[in-house]
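Residue numbers (my numbering), protein chains in the order written: chain A, 355 to 516; chain B, 170 to 715; chain C, 914 to 1151; chain D, 727 to 907.
Read the hints as simulated data drawn from the structure, not as lab findings. All C-beta atoms in this analysis are idealised placements derived from N, C-alpha and C, irrespective of residue type, glycine included.
Within a straight-line C-alpha distance of at most 27 Å, the following computed DSS-like cross-link-like pairs (lysine-lysine) qualify:
(1) B:Lys643 <-> D:Lys860
(2) D:Lys797 <-> B:Lys647
(3) B:Lys187 <-> B:Lys212
(4) D:Lys797 <-> B:Lys643
(5) B:Lys643 <-> D:Lys827
(6) C:Lys1136 <-> C:Lys1147
(7) B:Lys647 <-> D:Lys860
(8) B:Lys530 <-> B:Lys561
(9) B:Lys647 <-> D:Lys827
(10) A:Lys429 <-> A:Lys389
(11) B:Lys252 <-> B:Lys205
(12) A:Lys389 <-> A:Lys472
(13) B:Lys643 <-> B:Lys561
(14) D:Lys885 <-> D:Lys797
If you want the footprint, here are the derived chain C segments under chain D, 3+ residues with CB under 8 Å:
(15) 1025-1035
(16) 1038-1044
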Amino acid sequence: MPVTAAPVDKRLKILDAVIRRQHSRPDALIAVLHKAQELYGFLDAPVLWHVARALRLPPSRVYGTATFYHLFSLKPLGEHTCVVCLGTACFVKGAQTLVDAVAELVAIRPGQTTADGKVSLTVARCIGACGIAPAVVLDGTTHGHVSAGQLTARLEEWTHGS
Amino acid sequence: MDHDDLQRIAEGERAAAKSAEIRCCTSSGCRASGSKEVLSRLKAAVEANGLGDRVAAVGVGCPGLCSAGPVVQTHPDGAAFGKVTADHADGIVSALSGGSAGAVRIDPHQPFFTKQLRIVRATAGQIDPERIEAYIAAGGYEGLYRVLQRRPDEIVADVTASGLRGRGGAGYPTGLKWATVAKMPPGQKYVICNGDEGDPGAFMDRSVMEDAPHQVLEGMAIAAYAIGANQGYIYVRAEYPLAIERLQTAITQARKAGLLGRGVFQTPFEFEVEIRIGAGAFVCGEETALIASVQGLRGTPRPRPPYPAESGLWDRPTLINNVETFATIPAILRNGPAWFAAIGTATSKGTKIFSLTGKVKNAGLVEVPMGTTLREVVEQLGGGTADGKAVKAVQTGGPSGGCVPASLLDTPIDYESLASIGSIMGSGGMIVMDDADRMPEVARFFMEFCADESCGKCVPCRVGTVQLHGLLTKLVEKRATRHDLDTLIELCHLVRDTSLCGLGQSAPNPVLSTLRYFAGEYEALLQPEEFARPTRRSAVPLTVIS
Amino acid sequence: MAVVTLTIDDKPVSARAGESVLDAAKEAGIEIPTLCHLPGVSEAAACRLCLVQVEGRGRLQAACVTAAAEGMVVRTQTDTLREYRRMILELLFTEGNHVCAVCVANGNCELQTLAAELGMDHVRYPYLNPARPVDVTHKQYAIDHNRCILCTRCVRTCDEIEGAHTWDVAGRGTSSHVIADMGQPWGESVTCTSCGKCVQSCPTGALFRQGSTVAEMTKDREKLGDLVTARREKKWSV
Amino acid sequence: MERVRLATVWLGGCSGCHMSFLDLDEWLLDLAPRIELVYSPLADVKEYPEGVDVVLVEGAVANEENRQMAKVIRRRTKVVVSFGDCAVTGNVTAMRNPLGKSLEVLRTSYLLESAGTGLRLPDDREIVPVLLDKVEPLHAIVPVDHYLPGCPPSAARIKAVVEDLLAGHAPSRAAEVIRFG
Chain A
355 MPVTAAPVDK
365 RLKILDAVIR
375 RQHSRPDALI
385 AVLHKAQELY
395 GFLDAPVLWH
405 VARALRLPPS
415 RVYGTATFYH
425 LFSLKPLGEH
435 TCVVCLGTAC
445 FVKGAQTLVD
455 AVAELVAIRP
465 GQTTADGKVS
475 LTVARCIGAC
485 GIAPAVVLDG
495 TTHGHVSAGQ
505 LTARLEEWTH
515 GS
Chain B
170 MDHDDLQRIA
180 EGERAAAKSA
190 EIRCCTSSGC
200 RASGSKEVLS
210 RLKAAVEANG
220 LGDRVAAVGV
230 GCPGLCSAGP
240 VVQTHPDGAA
250 FGKVTADHAD
260 GIVSALSGGS
270 AGAVRIDPHQ
280 PFFTKQLRIV
290 RATAGQIDPE
300 RIEAYIAAGG
310 YEGLYRVLQR
320 RPDEIVADVT
330 ASGLRGRGGA
340 GYPTGLKWAT
350 VAKMPPGQKY
360 VICNGDEGDP
370 GAFMDRSVME
380 DAPHQVLEGM
390 AIAAYAIGAN
400 QGYIYVRAEY
410 PLAIERLQTA
420 ITQARKAGLL
430 GRGVFQTPFE
440 FEVEIRIGAG
450 AFVCGEETAL
460 IASVQGLRGT
470 PRPRPPYPAE
480 SGLWDRPTLI
490 NNVETFATIP
500 AILRNGPAWF
510 AAIGTATSKG
520 TKIFSLTGKV
530 KNAGLVEVPM
540 GTTLREVVEQ
550 LGGGTADGKA
560 VKAVQTGGPS
570 GGCVPASLLD
580 TPIDYESLAS
590 IGSIMGSGGM
600 IVMDDADRMP
610 EVARFFMEFC
620 ADESCGKCVP
630 CRVGTVQLHG
640 LLTKLVEKRA
650 TRHDLDTLIE
660 LCHLVRDTSL
670 CGLGQSAPNP
680 VLSTLRYFAG
690 EYEALLQPEE
700 FARPTRRSAV
710 PLTVIS
Chain C
914 MAVVTLTIDD
924 KPVSARAGES
934 VLDAAKEAGI
944 EIPTLCHLPG
954 VSEAAACRLC
964 LVQVEGRGRL
974 QAACVTAAAE
984 GMVVRTQTDT
994 LREYRRMILE
1004 LLFTEGNHVC
1014 AVCVANGNCE
1024 LQTLAAELGM
1034 DHVRYPYLNP
1044 ARPVDVTHKQ
1054 YAIDHNRCIL
1064 CTRCVRTCDE
1074 IEGAHTWDVA
1084 GRGTSSHVIA
1094 DMGQPWGESV
1104 TCTSCGKCVQ
1114 SCPTGALFRQ
1124 GSTVAEMTKD
1134 REKLGDLVTA
1144 RREKKWSV
Chain D
727 MERVRLATVW
737 LGGCSGCHMS
747 FLDLDEWLLD
757 LAPRIELVYS
767 PLADVKEYPE
777 GVDVVLVEGA
787 VANEENRQMA
797 KVIRRRTKVV
807 VSFGDCAVTG
817 NVTAMRNPLG
827 KSLEVLRTSY
837 LLESAGTGLR
847 LPDDREIVPV
857 LLDKVEPLHA
867 IVPVDHYLPG
877 CPPSAARIKA
887 VVEDLLAGHA
897 PSRAAEVIRF
907 G
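Here chain A stands alone, though its shape is the one from the complex (with noise of 0.2 Å):
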């Protein structure tokens, strides 16, 4: 059964806190959710079956809402993450290039994780960089002006050494 609890750690004393501040309100999924992810990294089963009994909601709400919103993953992410911007203003700026050169040297699709769990590719819709696109966001780092080989050289640190 999926049903366990998650381990009791120092990080859910931290989100049962945000919960209690909330007030257990059932309108605070969403920002339960983002602390949770902050937490843990993603958000497994036995996390939001905690969120669900915290906050008194039906798992399948929970479930739902977890998916329903691309900043979640429910899939642990690499060490690295690496976000192309796809606004139109970096697409027109030749955006495709970077997800394609980044997607062939690692082998990955937008939204995959590579199999040593290095880095994962995403793709964004428009992080309002646009005065500077193309725009990518690197371990949670704006970078704008990106060209392909100035990306690729950046991940080919992560994935050698370092």
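Knowing the structure of chain A, use the given hints to seat chains B, C and D on it.
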């Protein structure tokens, strides 16, 4: 906090101002190019040169010219520098006393700056968005104070008289929306600020939230007073962490100063604001989907009526306006509706911010009076294309909008004119395209976006966008025939006319508008039919102009 | 109770104030096609088959959520509406894997019946042929996602009539799918009461009784509405 | 009266539609003098002739031979009727589509992924037509004039459609004529 306190803060701020300021943009765009390091080096350089008593290096909001970032400006001499690196810090400081800056100078008198009329972005690039005192010194919260001395219905009347229309895309008259919520029986009502700016290629709202968070709060508070609400929510997409951070800072500061919370300006008016963070769903920009998301649910839209004004958040009357709309409010109440209504055209009043991007020389944010032509924005403010090639089209309105061909660039920017040429004002994305951009591919790009962002609730949008994407792919890959093109147009009609919400209803717009103006590009991709086709028997017309 | 008079397809029709155009039409003997509508549960307005033309309104309106109003003039059968309904059905047929010939609901399926009624004799768009699972882990019932049209009748029935909220929709866009609890096999659901109401609510062969074979699965959808009436008004239909 | 040159074709299907056609029993005797059966699995004709008036095509387009045949039929026929669900929708024949392209389908069908079966893919491309990656309904390959769904269409519905076509007008699209499954 009373009015005297407000003035005291403003005076204190002005008295503490140094004789010169070095203003470094710390908004998201320039931050991505290293502006935080530039700022700290500027501060160090000021100290190192012993100028601390008369020069201040401050982080400010976005001055607009994002393509030249990081941008640093000096005040009061009005010099501006672009592509500044930390190593330029000493030079810029020495330039204040006549030395050579070393950094690339930006002409502050070029049309990009002089042709703008900045009302919403009045303080952007000039004050520190993280300090409430700076906003107050610039006249902030004065509008709220004046509003609280008057009756709520007078405020609604002012907003109506100003002619302001929603800046989120549809252009619904703001005063009318306020009046509807205000007229609902007293009881729990809500104000929601829609900061889920999802149109790819648009970042006006992000910058307003980052550069002028207090202005947004002030606008919301004025609205709350006018309609009788005591609780507000700002729904911000998670992709905008700096906006969230600055709004949170602003809320804390405003509460501490007594400008939010109970007894605002020592009146019975009470207003609390909470931030709700999205999680990556374009459809949540649609107001009923946004309400569902604020309630912690899947962001699926529901049919209207009832409109949120009657039954919105938790089935209570709810006013939803977008960020730019709320940020326009304080100036209207400060300067009066007649002042605002004098700007713009007969049906579209005031100014509008656009994020000008794509193949344009000066990419960034521009705020211009309604009625300005697309040509002025693209060629004068934008400086044409970066490499001097001809402009082919301008995309406005994002995935719900259309591509305006170069031949129609003299169209004035107002809600009706843009609609008449098959595009929309939208939230303000303006993407310049040149010959390298193939219109069927652009249409496919937007359709992929819509299929990916469809919530999946109604059939025409959920499946129709996928089929449309398939047809556009077939076309782009030169496998389609005339028959497929007819099917494409027919499906566009279906999705437009039968989808449940605005996302689906407008999803075909990029296809229809490019078919209208760039039909040749589609025709050129068609393959001959191998066999004659039976006569088409569909009742759906094959027109591309609605 | 206030009564309003309106015109539907040139026929004068009276309706209770607040009643939907769909119900008012039905009482007057005018059938408007639907798939997501189910008496007894809330409206989703998602299938868009019941769209009608209302004079004076620019957009087509879903009859299930449009209140009948005094003087309203409604058309339910224009050529364009008929074409749009056919196209919507075609889209549904391309989205799943609807193979009537080998379906438990063959002969008792609302999708299949509507295709015939609306003159959909073939599908003009390419079939998407998604790879979708069949879940037979529940002791009495099963769900075949190939036949699911995402009308969410089961979700609403389980939530609003049974009160269990076992079902919900996960994912989005064309990858939307119905899930039990945390997306686990139905048989492992901790909230399901095995009441079978969802099975009765399903318009197609997506939800069925275990052991049913081709064309054997019949459903009693009226019972669901009767349950709601019984609970609300203490009136039983037997 | 000139006889209508009628053909029936059996592509990727089970021949059930043809069986249903034969269920017309004695009506076939009425039909016989009005038509000339120029091509059919029920007749020993090797090549699809030119100048066919009406053809009933059973089965989906599942392999290369089906695809080429569909084109020959279209070129040589005035009125093409998709006859039965496989021709109209792909139906049971197309149930392999969700498994993937042809190679994946073959690998699954021949249990190549199951350890220890000792099975291998047959290699007889010279004899057996190559499978298409995706099974398609007939109208995805060539334009079709009329559709007669059903698995199989009942004899009565076949009769109604054939009567209409012999009389020279388009068959009805009324609800009673359309029935999938």
